[in-house]
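Peer 1: Here are the chains, one letter per residue:
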Amino acid sequence: MTALPLVGFLALSSALFVVGLFGILTRRNFILVLIAIEIAMNAAILNFVYFGAFSSGTGGLTGQAVAVVLIGFAATEVAVGLAIVLALNRLKGTINVAQATDLKL
Amino acid sequence: MLDGLYGWAFLVPLFTALSFVIVGLAGTRMRRLEWGGWVAVAFAGASMVVGVLIGIGEMVNPGTYTDVRYTWLHLAPAPGPFPNGFSLVVGTLVDPISALMLIVVTVVGFLVMLYSIGYMHQDRGLPRYYSEISLFLTAMSGLVLADNLLEFFLFWELVGVCSYFLIGFYYERPSAASAAKEAFIVTRVGDIMFLLGIFIYFYHYSTVAPGWAANGFLFTNGTAPYLGAALGGNSTTLTIAGIMILGGAAGKSAQFPLHVWLPDAMEGPTTVSALIHAATMVAAGVYLLAVTSLFLGFTSTDQLAIVGIGGFTAFFAATMAVVHPDIKRVIAYSTISQLGYMVMAVGAGFAMVGLFHLFTHAFFKALLFLAAGSVIHAVGTQDLFKMGGLRKSMRLTAVAFAVGGLALAGIPPFAGFWSKDDILSAVYSQLGSHPAYWPFFLLAFAAVFLTAYYIFRAWFLAFSGDHARDPGLAHAHEGPWTMQVPLVLLSALAIGAGLLVFLPGFQSLLLSGAGASGIPPVYGTTDLVISAASVTLGLGGIALAWLLWGNGRVYALPETSAAQPVRRLLLKRYYFKIGYDWIGAKGVYSVARAADFFDRYVIDGTVHGFERMFALLSDRLRRIQTGVVSDYAAYVVAGLIALFAILLIVAPYVVARLGGG
Numbered sequence: 001m002t003a004l005p006l007v008g009f010l011a012l013s014s015a016l017f018v019v020g021l022f023g024i025l026t027r028r029n030f031i032l033v034l035i036a037i038e039i040a041m042n043a044a045i046l047n048f049v050y051f052g053a054f055s056s057g058t059g060g061l062t063g064q065a066v067a068v069v070l071i072g073f074a075a076t077e078v079a080v081g082l083a084i085v086l087a088l089n090r091l092k093g094t095i096n097v098a099q100a101t102d103l104k105l
Numbered sequence: 106m107l108d109g110l111y112g113w114a115f116l117v118p119l120f121t122a123l124s125f126v127i128v129g130l131a132g133t134r135m136r137r138l139e140w141g142g143w144v145a146v147a148f149a150g151a152s153m154v155v156g157v158l159i160g161i162g163e164m165v166n167p168g169t170y171t172d173v174r175y176t177w178l179h180l181a182p183a184p185g186p187f188p189n190g191f192s193l194v195v196g197t198l199v200d201p202i203s204a205l206m207l208i209v210v211t212v213v214g215f216l217v218m219l220y221s222i223g224y225m226h227q228d229r230g231l232p233r234y235y236s237e238i239s240l241f242l243t244a245m246s247g248l249v250l251a252d253n254l255l256e257f258f259l260f261w262e263l264v265g266v267c268s269y270f271l272i273g274f275y276y277e278r279p280s281a282a283s284a285a286k287e288a289f290i291v292t293r294v295g296d297i298m299f300l301l302g303i304f305i306y307f308y309h310y311s312t313v314a315p316g317w318a319a320n321g322f323l324f325t326n327g328t329a330p331y332l333g334a335a336l337g338g339n340s341t342t343l344t345i346a347g348i349m350i351l352g353g354a355a356g357k358s359a360q361f362p363l364h365v366w367l368p369d370a371m372e373g374p375t376t377v378s379a380l381i382h383a384a385t386m387v388a389a390g391v392y393l394l395a396v397t398s399l400f401l402g403f404t405s406t407d408q409l410a411i412v413g414i415g416g417f418t419a420f421f422a423a424t425m426a427v428v429h430p431d432i433k434r435v436i437a438y439s440t441i442s443q444l445g446y447m448v449m450a451v452g453a454g455f456a457m458v459g460l461f462h463l464f465t466h467a468f469f470k471a472l473l474f475l476a477a478g479s480v481i482h483a484v485g486t487q488d489l490f491k492m493g494g495l496r497k498s499m500r501l502t503a504v505a506f507a508v509g510g511l512a513l514a515g516i517p518p519f520a521g522f523w524s525k526d527d528i529l530s531a532v533y534s535q536l537g538s539h540p541a542y543w544p545f546f547l548l549a550f551a552a553v554f555l556t557a558y559y560i561f562r563a564w565f566l567a568f569s570g571d572h573a574r575d576p577g578l579a580h581a582h583e584g585p586w587t588m589q590v591p592l593v594l595l596s597a598l599a600i601g602a603g604l605l606v607f608l609p610g611f612q613s614l615l616l617s618g619a620g621a622s623g624i625p626p627v628y629g630t631t632d633l634v635i636s637a638a639s640v641t642l643g644l645g646g647i648a649l650a651w652l653l654w655g656n657g658r659v660y661a662l663p664e665t666s667a668a669q670p671v672r673r674l675l676l677k678r679y680y681f682k683i684g685y686d687w688i689g690a691k692g693v694y695s696v697a698r699a700a701d702f703f704d705r706y707v708i709d710g711t712v713h714g715f716e717r718m719f720a721l722l723s724d725r726l727r728r729i730q731t732g733v734v735s736d737y738a739a740y741v742v743a744g745l746i747a748l749f750a751i752l753l754i755v756a757p758y759v760v761a762r763l764g765g766g
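Line by line, the protein sequences give chains A and B. Positions 1 to 105 (my numbering) are the ones given, in order, by the first sequence. Positions 106 to 766 (my numbering) are the ones given, in order, by the second sequence.
Careful: at least some of the hints might be erroneous.
As the list claims (entries may be wrong) - Part of the chain A face toward chain B, derived, beta carbon under 10 Å: (1) Thr26; (2) Val33; (3) Ile35; (4) Ile39; (5) Arg90; (6) Ala98; (7) Thr101; (8) Asp102; (9) Leu103.
Stated by the list, open to error - In the SDA-like style, the derived pairs of lysine to any residue whose C-alpha atoms are separated by at most 20 Å in a straight line are: (10) Lys104/A with Leu752/B; (11) Lys104/A with Leu726/B; (12) Lys286/B with Lys691/B; (13) Lys104/A with Ser498/B; (14) Lys104/A with Leu409/B; (15) Lys104/A with Lys677/B; (16) Lys491/B with Ser569/B; (17) Lys691/B with Ile290/B; (18) Lys677/B with Trp687/B; (19) Lys491/B with Val593/B; (20) Lys92/A with Val733/B; (21) Lys92/A with Ser735/B; (22) Lys104/A with Phe749/B; (23) Lys104/A with Ser723/B; (24) Lys497/B with Pro362/B; (25) Lys92/A with Val734/B; (26) Lys104/A with Gly732/B; (27) Lys104/A with Gln730/B; (28) Lys104/A with Arg672/B; (29) Lys104/A with Leu722/B; (30) Lys104/A with Tyr679/B; (31) Lys691/B with Phe702/B; (32) Lys104/A with Pro576/B; (33) Lys682/B with Arg672/B; (34) Lys491/B with Val741/B; (35) Lys691/B with Ser283/B; (36) Lys104/A with Ala87/A; (37) Lys286/B with Ile297/B; (38) Lys104/A with Ala738/B; (39) Lys104/A with Ser735/B; (40) Lys104/A with Asp736/B.
Quick caveat, the hints were computed from the structure, so don't treat them as lab data. What you are looking at is a predicted structure, and each value in this text was computed from that prediction instead of being measured. Just so it is clear, CB atoms sit at the ideal spot from N, CA and C, and this is done for glycine as well.
Let the sequences and hints guide you as you build the complete structure.
Peer 2: Here it is in structure tokens:
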């Protein structure tokens, strides 16, 4: 099997990140924003997997390990994010991020 | 024996300073307001005892310089403007001239203070009056005793502010308030010049005599003047410094062209006029010139300027006194004129002669003022044309005023004769080597005639005739004993102060000051001729006054007379006051307006411009803070992109341009 070049994989994860970023910036529904964040984050995790696979020696294993840890982080992040969604809904009666403007001084 | 007292000279200002504090703080709480006055009189008497004893000590043992000082602040030598260090010193210096002045200040101060008890008795501001006049005596004796130029300047300013307080004593009267302001502002012009003069001396002597500043601008090193005239040489710098000192003296001593404030200063109580504006403070300018000429030295150009100002002022002020209807202002012009004589004497190099005239003048002029005060106290007006016939009801005052007038007119053996004659013959002796003095000598000589005329015009108007011209003034009477005693004592001094020159001790006191030559009794033929001429002029002036005003006559200049414009010019004081007001209103005000414009629109405009710019910018910038999380995320992304753009595109370009690696 001819190995695909690293740059192809990086292009894939970059595309995935941009999709996530686009979602973060454009969605108004907080849950969709959270999903977009997950997509962007997974793009980053993918990079660890690629670099782990393409490197030699124990470095490869490290990449895989970090990826697994980050998946765990992503889960906790979603938990916190959904808690915020619930709290926001209770407070404002909506989960539209455009209406949550209390960060303004 | 009295030398031991020299170290205690500081007691003179200290006593009156205590009186200032006590009367100033507790005066209004005393059961009767005069009690504060008696406290002040007691302290003034104590300082008079010390002052006169010091004066006598200096007469017994003349020519000693006793300097007791305390270094208040010392800067160690360091490279820069003070290569030998720099000291600020406070101290007392007892030497011939300060001893002479100390007698004048304390004796006249005490007598005026005593007189005030009678004169000021109905006034509610008495505690303020006594505390201010005590402060004035403190400042004046401090000035006289100062042993260095900076201390001198300090007390110089303090007497100025006391003069301001006391001219404006009746501050609820607008004319008094504005006269006080005028006096303060006009003398300020001189004070600035004096300060500049100190700076220039400092600059000059920091190279010629580096130890001078290091030791604190002292007048003397303990045995003799610290800096002689010889040390400085005849440089332009010293000439300018001398002119600046002359400016300071002209401000304080009301010499032309800064003379305008003194006649207006008569708005204050008459006692203040007698003490401050006749005997002591206005003499401080002459004292400054004397101190400068003895200890620092004037150049010949300075001397000509001083003689010129003095001689011209002596005549100029006398002409204005000739027509004035106000008894106090006539005497005030006379003071300016007499100060002109003193300034002229000091300028011609005879500091001790000038100070001798200062000494006698202080007594007879204070006498004239107190006698005038007695008249004003009795009749309630200062207008000579309302008075008349007062010699019947006020015999003592009439005699006292006449004694003062004879002394002023220079009739022997009254005090003014000896000192004024000294000045004339001293200046005359310089005419050979300094022909430029001639016109000023002649002006001063002519002023002798005017002096005798105007003072006896005032006497005849007030005291001669059968009755007062204003019928409302019929019941005049003498003041209480506190007013009569000073009149008697000052009359005695006005007769005797000049004769003191025949007292060996006093004579050697005068002669022990540097630049003292020409003091009698060293009469030669020329001196006798000058004396005879000046006495003749004086008698002529009195005779003219008798012809025009004697025996209740009132001379009215015919309306068609060619002299009418002159009379108007004199009454308008040569338009100096109007001119200065015009300069103030138009010139200074325009400058002030321009400065105001600059401040308001250029300086404030810049500040406010920045303020407005940032307000505008921040208003724009504020709008990007929406509180919406996704907007912030967008900014983060935009920032990230910008960062990448800088790192990947701009930075390599810049590095390539700079040629770095």
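Peer 1: With reference to the structure, classify each hint as holding or not holding.
Peer 2: Hints, verified against the model:
1. A least Cβ separation of about 8 Å between Thr26/A and chain B falls short of the 10 Å threshold, and the interface hint therefore holds.
2. Because the closest C-beta pair between Val33/A and chain B is about 7 Å apart, less than 10 Å, the hint holds.
3. At about 14 Å, the closest approach between the beta carbon of Ile35/A and any beta carbon in chain B exceeds 10 Å, and the interface hint on this residue is violated.
4. Interface hint status for Ile39/A: violated, as the beta-carbon distance to the closest one in chain B is roughly 14 Å, over 10 Å.
5. The criterion of a C-beta within 10 Å of any C-beta in chain B is not met by Arg90/A, whose closest approach is roughly 18 Å, and the hint is violated.
6. Annotation: interface hint on Ala98/A holds; nearest CB of chain B at approximately 6 Å, less than 10 Å.
7. Because the closest C-beta pair between Thr101/A and chain B is about 3 Å apart, less than 10 Å, the hint holds.
8. Because the beta carbon of Asp102/A sits about 6 Å from the nearest beta carbon in chain B, less than 10 Å, this interface hint is met.
9. Taking 10 Å as the C-beta cut-off, the interface hint given for Leu103/A holds, the closest approach to chain B being about 4 Å.
10. A distance of roughly 31 Å separates the Cα atoms of Lys104/A and Leu752/B; the hinted pair therefore is violated under the 20 Å criterion.
11. A distance of roughly 13 Å separates the Cα atoms of Lys104/A and Leu726/B; the hinted pair therefore holds under the 20 Å criterion.
12. Distance hint between Lys286/B and Lys691/B is fulfilled; the C-alpha atoms sit about 18 Å from each other, no more than 20 Å.
13. Simply put, Lys104/A and Ser498/B have alpha-carbon atoms about 94 Å apart, too far for the 20 Å limit, and the pair is violated.
14. About 81 Å separates the Cα atoms of Lys104/A and Leu409/B, which puts this hinted pair outside 20 Å; it is violated.
15. Proposed proximity of Lys104/A and Lys677/B is contradicted: the alpha carbons are some 75 Å apart, above 20 Å.
16. At roughly 12 Å between alpha-carbon atoms, Lys491/B and Ser569/B fall within 20 Å of each other, so this suggested pair holds.
17. For the proposed pair Lys691/B and Ile290/B, the alpha carbon gap of about 16 Å is at most 20 Å, so the pair holds.
18. The suggested pairing of Lys677/B with Trp687/B holds, with an alpha-carbon distance near 14 Å, which does not exceed 20 Å.
19. As the CA atoms of Lys491/B and Val593/B are separated by approximately 26 Å, the hinted pair breaks the 20 Å bound.
20. Distance restraint check for Lys92/A and Val733/B: the Cα-Cα separation of roughly 14 Å lies within the 20 Å cut-off, and the hinted pair is therefore satisfied.
21. Straight-line distance between C-alpha atoms of Lys92/A and Ser735/B comes to about 17 Å, which keeps the hinted pair within the 20 Å bound.
22. As the CA atoms of Lys104/A and Phe749/B are separated by approximately 28 Å, the hinted pair breaks the 20 Å bound.
23. Annotation: proposed proximity of Lys104/A to Ser723/B holds, straight-line Cα distance about 15 Å (limit 20 Å).
24. The straight-line distance between the Cα atoms of Lys497/B and Pro362/B is roughly 41 Å, outside the 20 Å bound, and the hint therefore fails.
25. The suggested pairing of Lys92/A with Val734/B holds, with an alpha-carbon distance near 15 Å, which does not exceed 20 Å.
26. For the hint linking Lys104/A to Gly732/B, the alpha-carbon distance of about 4 Å falls within 20 Å, and the restraint holds.
27. With a CA separation close to 6 Å, the supplied pair Lys104/A and Gln730/B stays within the 20 Å bound.
28. Between the alpha carbons of Lys104/A and Arg672/B the distance comes to roughly 84 Å, so the proposed pair goes past 20 Å and is violated.
29. Between the alpha carbons of Lys104/A and Leu722/B the distance comes to roughly 18 Å, so the proposed pair stays at or under 20 Å and holds.
30. Taking the CA atoms of Lys104/A and Tyr679/B, the gap is near 76 Å; set against the 20 Å cutoff, the hint is violated.
31. Taken as a hint, the Lys691/B and Phe702/B pair is honoured in the structure, with Cα atoms around 16 Å apart against an allowance of 20 Å.
32. The suggested pairing of Lys104/A with Pro576/B is violated, with an alpha-carbon distance near 90 Å, which exceeds 20 Å.
33. Proposed proximity of Lys682/B and Arg672/B is supported: the alpha carbons are some 16 Å apart, at most 20 Å.
34. For the hint linking Lys491/B to Val741/B, the alpha-carbon distance of about 96 Å lies beyond 20 Å, and the restraint is violated.
35. As the CA atoms of Lys691/B and Ser283/B are separated by approximately 18 Å, the hinted pair is consistent with the 20 Å bound.
36. At most 20 Å may separate the alpha-carbon atoms for a hinted pair to count; Lys104/A and Ala87/A meet this at roughly 18 Å.
37. Under the criterion of a C-alpha separation no larger than 20 Å, the hint pairing Lys286/B with Ile297/B is consistent with the structure, at around 16 Å.
38. Between Lys104/A and Ala738/B, the direct Cα distance comes to roughly 14 Å. Compliance with the 20 Å bound is thereby established for this hinted pair.
39. In summary, the hint linking Lys104/A to Ser735/B is supported, as the alpha carbons are separated by about 13 Å, within the 20 Å threshold.
40. In summary, the hint linking Lys104/A to Asp736/B is supported, as the alpha carbons are separated by about 11 Å, within the 20 Å threshold.
Hint violations for this structure: numbers 3, 4, 5, 10, 13, 14, 15, 19, 22, 24, 28, 30, 32 and 34, all remaining hints satisfied.
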